[in-house]
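Just need the whole structure built from these sequences, with the hints factored in.
For reference, the chains in residue letters:
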Amino acid sequence: MLTDILRASVAASAIRLATPYIFASLGETFGQRSGVLNLGVDGIMLMGAFAAYYAVYETGSLVLGVIAALVVGLLMGLIMAFISVTLQAEQGISGIGIYLFGLGLSELLFQKTVSTPTPINGFSRINLPILTDLPILGEILFNHNLLVYIAFALVPISAYVLNRTTFGLQIRAVGQNPQAADAMGVNVARVRYMTVTIGGAFSAMAGASLSIALLNIFQSNLTSGQGFIAVALVYFGAWRPVWVMAGALLFSTVNALQLQIKTIEGALGLDIPSEFAVMAPYVVTIIALIFASKRAEQPTALTKPFERGE
Amino acid sequence: MRTLIDRLFALALPILAVAAALLIGAIMLLLMDADPIESYKALYNGAFGTVNARSETLVKATPLLLVGIGICIAFRGGVINIGGEGQMIAGAVMGTYVALEFKTMPFTGTQTIHQDLPQYLTIAVCLISGFLAGAFWGGIAGLLKAYFDVNEILSTIMLNQISVQLMGYLLNGVMLDPRQRERVNHIPRTARIPDYAQIPRITWLTDIPIRLHYGFIIALVLAVVIYIFLWRTTLGYRIRAVGKNQRAARYAGINVRRQMLFSMCLAGGFAGLAGTIQVLGLQYRLQTDGSAAGFTGNAGFNGIVAALFGGLHPVGTIPASVFFGGLLIGAQSLQRTAQVPASLIITLNGLVVVFVVSSQIFIRRRTQRRAKEQ
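Going down the list, the protein sequences come from chains Z and U. Going by my numbering, the letters in the first sequence line up with residues 494 to 803, in that order. Going by my numbering, the letters in the second sequence line up with residues 2 to 375, in that order.
If you're looking for bench data, these hints aren't it; they were derived computationally from the structure. In this text, all values refer to a predicted model and were calculated from it rather than measured experimentally. It is possible that some hints are incorrect.
[To be verified] Computed footprint of chain Z on chain U; a stretch qualifies when at least three of its residues, placed anywhere within it, have a C-beta under 8 angstroms from a C-beta of chain Z:
{"no.": "1", "region": "168 to 182"}
{"no.": "2", "region": "344 to 355"}
[What the hints assert, rightly or not] Far from chain U, some chain Z residues (derived; all Cβ distances over 10 angstroms):
{"no.": "3", "residue": "Val503"}
{"no.": "4", "residue": "Ser587"}
{"no.": "5", "residue": "Val654"}
{"no.": "6", "residue": "Ala676"}
{"no.": "7", "residue": "Gln712"}
{"no.": "8", "residue": "Ser713"}
{"no.": "9", "residue": "Ile757"}
{"no.": "10", "residue": "Leu761"}
Beta carbons: idealized from backbone N, C-alpha and C, even for Gly.
Set out below in structure tokens:
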């Protein structure tokens, strides 16, 4: 009985913890499928997290919080698109610039406005009739806040858009062979602007899911590098939304286990240093990347800027 | 004449990038109700106004320069090293361990190093150990990239997190200061390293006691050495050939995979050296607050900024790291005098990176136009 409860609470918190990763890596999947690596995800997440937090802090309205995050995310995405598409800047490094910019600016704005981490009333868990009361399953699947459901709903939607729509076909064409796509009349720059901007909005929502749903607070460097993990998960998931989600769940499960490490140790009679528990997800990711790189083919034009008439 | 103009053009771009970033910073200061001119004056005085300020700036510049040298090697070799933070930690852990524990010579038994060896050799042993540990940590990412096709940006990010946890584990365990061990709530830090392993401070510059140490001189010398290495030796030529055009390098008979691994090892080694010198020259013990920045002060990332600003040239990275060291030191006095959060400087650093890489297009356009004319 006790182990059942433990399993259920680990599974439930794994699903919750996966939310920011799913938002951010789905957004990054769009960009990378079209050939743009945005390494600034963590910076955009931080800006989105602050925007959402501040809007809720000032107005108490969660809708305004989400809108604020989306606007900031679209703007940051647009800036990244301008840098990587129009100015054709080296994507690995310009992403670090965007990261530092978001890291610094979100803290600067926080210091100048709220300055002490004050908890807010974020999204609360939704009680569904019957479903939430189901034993075990109810706790694992049907006792989450709205943003969790939105994140998971975006997985099949993203897969559908990428695989079954004209826009998705254009994205994949631009990422595989921009010259050919251009010859077929696809506006390469426009497609990439759209995917990177969508990615920005998704990343900002990832930040918001931390600051107004999961943690209900903002502080300096709130994401502590989760955006970088999200980029890794895209490679891990071989640029397919469903596999990206699987990677996010694997990562968050290890995270959730690590949060419960003391209870688990007690149950198994082990003594694992907490540092190794924290380290585990990163080691798992590296090992996963080794296998992922063997089986997956990345978009051919990834990180390569496109110029007409070359 | 034309090449001279091209060179001046390439030199002017990073400076324009910084000017643009500072201009945006001025607008942000205005929005924060701070006087931009007064603020920048406070920033400048905090960084270069007094003897002590100048010394602190150079102390801050030392790890930036060392990490930056490594970044130059990696980028010239076609690998992107985001792992400076983790490699600094790996180097610092090993350097500190050797400084604390390596009291007996191997094989000969009991004699302690500080009795047998002159101080500079003891320090050299510690520095080389730190370099090798950093090279090992960078080498993991290099190996994964060269032989397993794992993107080095991703693996170095993971390795950064892993090294922080390893450091925490060691500092709470085997490397914990014996004096802290007795306490209930101990601070995770090592014992103070012995005097004979400490890098001496530079005393002949001024009568005022300053913290500037010979680590800065070491970094200066290494910047020149690496410039010669990259542009005047066959090994350096191979690294740059791989960075310029992998396929051409392969046809020329260069083992591309091995060169990538080698570049990552060197880059990691220099970051490791930066970490070791932070301990041996400045902090005299390794301490953690549970985050990477708690030890490195973000030098692993800021070193990238410095190297980019220095045109990915080791010698150019010297003034660049002094400039960014000054910005970081000045930011502290900006916070004190004008109540402007020091995070403003992180924001501006981000903008500098963005502007520098974005402006490369102007150089490319120029070369393209030149090619068309001929």
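Structure-based check of all given hints:
For a cut-off of 8 angstroms, the count of residues in the region 168 to 182 of chain U with a CB near a CB of chain Z stands at 4, and the three-residue condition holds. Using a Cβ-Cβ cut-off of 8 angstroms, 12 residues of the region 344 to 355 of chain U lie near chain Z, which meets the minimum of three, so the contact claim holds. At roughly 21 angstroms from the closest C-beta of chain U, the C-beta of Val503 of chain Z stays outside 10 angstroms, upholding its exclusion from the interface. Its beta-carbon lying about 5 angstroms from the closest one in chain U, Ser587 of chain Z breaks the requirement of being farther than 10 angstroms from that chain.
For Val654 of chain Z, the requirement that its beta carbon stay farther than 10 angstroms from each beta carbon of chain U is met, with the minimum near 25 angstroms. For Ala676 of chain Z, the requirement that its beta carbon stay farther than 10 angstroms from each beta carbon of chain U is met, with the minimum near 21 angstroms. With 10 angstroms as the threshold on Cβ separation, the claim that Gln712 of chain Z sits away from chain U holds: the shortest Cβ distance comes to roughly 12 angstroms. Ser713 of chain Z, annotated as away from the interface, has a beta carbon of chain U within 10 angstroms; the closest lies near 8 angstroms.
Look at Ile757 of chain Z: its CB is around 18 angstroms from the nearest CB on chain U, clear of 10 angstroms, so calling it non-interface holds up. The non-interface label for Leu761 of chain Z is consistent with chain U: the shortest C-beta to C-beta separation is roughly 20 angstroms, beyond 10 angstroms.
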